[in-house]
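A.B. asks: Position one of the sequence shown corresponds to residue 55 (this note's numbering), numbered consecutively onward.
Honestly, I wouldn't trust all of these hints.
To be verified - No more than 27 Å apart at the CA atoms, straight line, and that leaves these computed lysine-lysine pairs for DSSO-like:
{"#": "1", "residue 1": "LYS637", "residue 2": "LYS608"}
{"#": "2", "residue 1": "LYS190", "residue 2": "LYS179"}
{"#": "3", "residue 1": "LYS190", "residue 2": "LYS317"}
{"#": "4", "residue 1": "LYS426", "residue 2": "LYS637"}
In short, the hints are calculated from the structure, not lab data.
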Amino acid sequence: MAIPLATTGTASFGQITIVTGVVSMLYLALAVLLWRERTGHVTLVGRFADTIGRLDGVPRWAALTPYLHAVSLLACAFGVWWDIAVHIARGRDTGPFGTPAHYPIFFGILGVIVSGVLPIALAGKPLPARTIRLTKGWRIPCSAALVTVCGTFALVGFPLDDVWHRLFGEDVTLWGPTHLLMIGGVVFSIFARLLAIAEVEQLGPVWQSTAYCGAPGTAPRRTGAKATMRRIETFAPAHRATAPGTSSLRRWIARQDLVGPNKRRLLQEVVSVGALLIAWDLFSTEFNYGVPQFPLILQPILIVFGAAMAFTILRARRGPGSTFGALAVYLVIRGAIAWAVAEPLGQLVGHFPLLIVEAILVEVVAFALGNKNRFRLGVVAGVLIGTVGVVAEYAWSQVWMPIAWPSSMLPAAIGYGVVAGIGAGLVGAWLATRYAEVAGEARAIGIKHIRPVAVRRTHQLGAIGLVAVAATVFFCVPRSAHPGVSGTVSLEPVATGAQPTAYVTIALTPSDAADGARWFEALAWQGGGLVYHPMEKVAEGTYRSKDALPMYGKWKSMIRLHQGQRDLVATWVYAPEDVAIAKPAVQVSDGQTVSFINEQEVLRREERTDVPRWMWNAGYALLAVVGLLEVAGIAWLVGRGARGGRLRAAHLATDTRTAPAERETR
């Protein structure tokens, strides 16, 4: 069966040529860099990496990625919030570069890919204990492979988005498969960034072992100088020229700042977790702008999941107050993006949760229980975030969120929030444990953690947490649209002429259809802005919009009703004729009786209805497969790095125990 392709929102030949050309030039430049670096030639990128590496005290392969990755994430986040605001205000675009907002997204994704390829090109000793072997003499850090894979998945989303629009029409929603593919790839790359920080921290024992050099920052013991030199020759033969002999060893080691955690790398970790909070909030953007297309219960679940996981990852490894640092990064950057999109660019204000109470809760739990048992910290913090945190965000929604959470939703939000919080806490604890093992943290590499049984138990807890969160999300995401609700519309004109507006009053049948609704609103969008007015009860079964709706031009005006947990229906009030998608004009007249239909048919007018259901299912199944591959890649590469950290720590511990005997023989 032939399915004619849609043409709205798809790329022109010129746009396809531009995208292909830019990507081809970038990949050619990266190929040249890889070839020259791997064949021993001097490059400007390599020299720059050496300079930054000396200043930051990191290997050259880890020098540039933190900064490029941070800038790329910022560009992607800014572009996505800008792009969604444009779509809400103006409707569909004309292709991948139909709006200026697509440019920062596109180049941000390219930056993520480059931030993964750079350490691949610059990879050289010292390297973490476990790496990925590309050729006989070419090994790369696990974090570099993970960033590259995540960035590639995100970039593939650009051409696939055009294919999706040609097959199914334009889905004006954040939660379209190709949109989630692009956003998910960028979000997942942050876990690779945290892995890279831990890998650099792991190199501390290589450069300044407490067995031979004393504590970090102290002078080496002369009795261990030869052993230290052997270690340098083992792990960093390229630096032998800069370490001519044991007499210069103290000065040489003083210049090598590749030692475990320091303030600069701690700051990078705090910023990375703050970026994770910002990136995770992208999934809630439709709620934050006031045009959610999925059940409202999903918003508190997403908030709980992101806060519990991110704050647990950081606080389970770092000291008091570290979560407040990540919170500050989140609030400052998220607020700056919301301001920039709303003020200089003249788009909509993107609201966002505060997460202040959630950060305080994690700090309080860590203070009361300590962070020695990371999984206990994650579970208790998750329970509190799922209860107290949800109540705090409920209060905040009454103050600033576009859609205030109804009090009737609180019991369900707390119930699902507890499950999601526990699951997120377990996932965060698993990641924190693995990162600690990658870094060679002494507490994480205790005897009980080296035992395979103990390691497997942490894997089981992490898997349980992931399943709990996924089950909660997938249970709450599906929508339904039960028929049977109708109403008689009354219009009260406010403005007439070329730009008419009117108050909308509707008498529902049955009269209790909106009782306990999670939202019941009059909404107009895509006419140059967003108009949102709650429906206020004026009599039994009769509701009136709080203000007038536009009924002219490109505005699309409707009444939306969210019943129960997932029943989403809507009815048209006004919509213009859309010749490009063969949709007639809609104009409800005074006294007309209308029926509420599946809300998706109203909000996503551009989507095609003549495509077989199996094609929709196949598209979403492909997204699920890609998502599972990304999650599996994170688990495998982080686990691989953790195993290497455990083995290296055990090896160094053996060297420490044998050092006294070695000194006696001398």
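A.B. asks: Given the hinted pair LYS637 and LYS608, is their alpha-carbon gap at most 27 Å?
C.D. replies: holds (13 Å)
A.B. asks: Hey, LYS190 versus LYS317, does the alpha-carbon distance stay inside 27 Å?
C.D. replies: With Cα atoms ~36 Å apart, LYS190 and LYS317 exceed 27 Å; violated.
A.B. asks: Keeping to a limit of 27 Å between CA atoms, is the pair of LYS426 and LYS637 held or broken?
C.D. replies: Status violated; Cα separation ~61 Å.
A.B. asks: Take a quick look at whether LYS190 and LYS179 sit within 27 Å of each other, Cα to Cα.
C.D. replies: holds (14 Å)
Consistency note: the structure conflicts with the earlier hints numbered 3, 4.
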